[in-house]
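A.B. asks: The listed protein sequences derive, respectively, from chains A and B. Residues 33 to 349, numbered by my numbering, are exactly what the first sequence covers, in order. Residues 30 to 288, numbered by my numbering, are exactly what the second sequence covers, in order.
All the pointers check out, no bait thrown in.
Simulated pairs of lysine to any residue, SDA-like, Cα-Cα distance not exceeding 25 Å:
#1 B:K123 <-> A:R171
#2 A:K259 <-> A:G339
#3 B:K123 <-> A:N50
#4 B:K123 <-> B:V113
#5 B:K123 <-> A:A126
#6 A:K52 <-> B:N202
#7 A:K259 <-> A:Y323
#8 B:K123 <-> B:V146
#9 B:K123 <-> A:S127
#10 B:K123 <-> A:V48
#11 B:K123 <-> A:G174
#12 A:K248 <-> A:N50
#13 B:K123 <-> A:P124
#14 A:K52 <-> A:K248
#15 B:K123 <-> A:S173
#16 A:K259 <-> A:F284
#17 A:K52 <-> B:R286
#18 B:K123 <-> A:V53
#19 B:K123 <-> A:A121
#20 B:K123 <-> A:H51
#21 A:K248 <-> A:E67
#22 A:K52 <-> B:L200
#23 B:K123 <-> A:A170
#24 B:K123 <-> A:D201
#25 A:K52 <-> B:R287
#26 B:K123 <-> A:D109
#27 A:K52 <-> B:G288
#28 A:K52 <-> B:E129
#29 A:K259 <-> A:L337
#30 A:K248 <-> B:R287
#31 A:K259 <-> A:E233
#32 A:K52 <-> B:G201
Treat the hints as calculated values from the structure; they're not laboratory data.
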Amino acid sequence: MDGQNWSLRVRDLVKVFNHKVRANDGISLTVEPGEVYGLLGPNGAGKSTLVKQVIGLLAPDSGTITLGPHDLVADPDAARQLCSYLPQAQMPVASFRAREAIEITGMIRGGDPEAVARRRDELIEALDIGEWRNTLGARLSGGTRRLVGFAMVTVCPGRVVVLDEPTNDVDPLRRRLLWQEVRRLGDAGVAVLLVTHNVMEAERAVDRLALIDRGKLLAEGTPSSLKAEDRGRLRLQVMLTPRSETPELPPFVQHHTRVGHNLMTVIPEAEAAPAIGWAQDLIGRGLAEEYALGATTLEDVYIRLTGDVEAGGGASE
Amino acid sequence: MTALAPPAELRRGLEYWWRSYRMMLRWEMTSLRLVLPVTIMVQILSGAGFVLALGIFFGQVPPRAALFVSTGVLVLTLVTIGLVLGPQLIAQQKAEQTYEFLWSLPVPRTTAALAWVTTNFILGLPGMAVALVVALLRYDLDLHVSPAIVPAVLLTLFTGTMIGYAMAHALGNPMLIAAITQLLIFMILGFSPINFPAEQLPDWLAALHRWLPLAPMADTVRAGLTVGVVEDVTRSYLVLGAWAAASVGVTAAVLGRRG
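Looking at chain A on its own, in the form it has when it is part of the complex (with noise of 0.2 Å):
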């Protein structure tokens, strides 16, 4: 290390489009090298806008980024140089080998020939891609592309490295491996920083976390730190008969959402057992075909907070 303070400090961001549309309005976060940190929230929460800040693709309205030493506001090209970036949508790579997108991506990124190769060649095995190592983009599966990216924009890593949804259309083992690498990169003092909206995933990955909704910060903390109001708590989750009204609910349900069939309910843990009888009670009546009783989740904070039912751990916008 080279003794710098390498710490991305997002102040007071204020990001208008259009003049009215509000999408960062007065965020601050700071993110420390070696953090793996997700900022969640529902599709046009101002994730995307916040990160497109960071990396000097937008210029904000007001508010600053710096990490260390620079200005990442007033110098864009030190942003770019500084972080990393795989955007949501698909990587440009129709015509590249695997491989070479890779080797070309860390050669543009400054990195030295042999040292490119070499992390090209760990990438490719830690990711389990070593069969698609010579096709071309054009021919490989969505998730396959998709861990290609990954290994473009980390073979030769910036200070900041930002992730925009990276498990998209990756196989559940190929994502163990992903997450893997992530935490290598937290340990080789990158800060990470990961836009998701699944919230499930999240909870494993990061160490910490901001719940963004319509532009602004609503909580800020680890994961279990964040559940800590829900301490106490348990999630009651009744699927009803399709079709058939909301129940109605005993006084000691605190929340509420039902999507679909589905609907999710949050009680206290003395109720515990009154509650199974009330979800038995509406299966014995044909309202309800079966419940699930467990420990709140990220997910029960995060509808809690946001309000927004299509919180469902799903990977794709």
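Once you've looked at the hints, dock chain B against the given chain A.
C.D. replies: Same frame as chain A, but now just chain B:
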């Protein structure tokens, strides 16, 4: 495992610029790998085809017409790449949303632009050369090749490429870019004094072309290949130079702009 070393300081200076240029050129050439041979073939065939078609249409081609078409076709092969194909490729990047990744790459913007210009040269020059050879074989042309052909070809290619580049980057909507390039093909092929003298156009259109870049492109290239055909080539260089400077200025402003 290789040590991952995030950058400690910024890269600056000539070596950084030169390496970035070479890498972006490699990126562009690899990006076009699947279409490169076909595109160069199409350029060669359309250039040579245009020259030969004139003879098929008219049988006996007057020497002056043969001279105009043979020298004009060179300009057509040079500008269709930069003004038409180039903007369409950028429109495609915008439509496929790959544009943002490309502009997040840590290279000086000038290297990306120059790599693009170089790519256009590589695509455009073979077609031009073949068209010239075919014209020489087919018609008994009175050509006097002078060193002035070099700056004329370079400036024509550069200006055409930069106008297309500036337009494609300045316009946000890929559909609009595609529509404008269609209109440009129509303008270039049908209503521009490239393959024929400006006198054959209505006065107002001829006057307009004195200030548009296409006629000056044809004049400068033709002046590098003939003697006594083009008048006042200095003016053509000045108009063309002004278009080149303006398109570079627009490109710099657009690429420097952040939304």
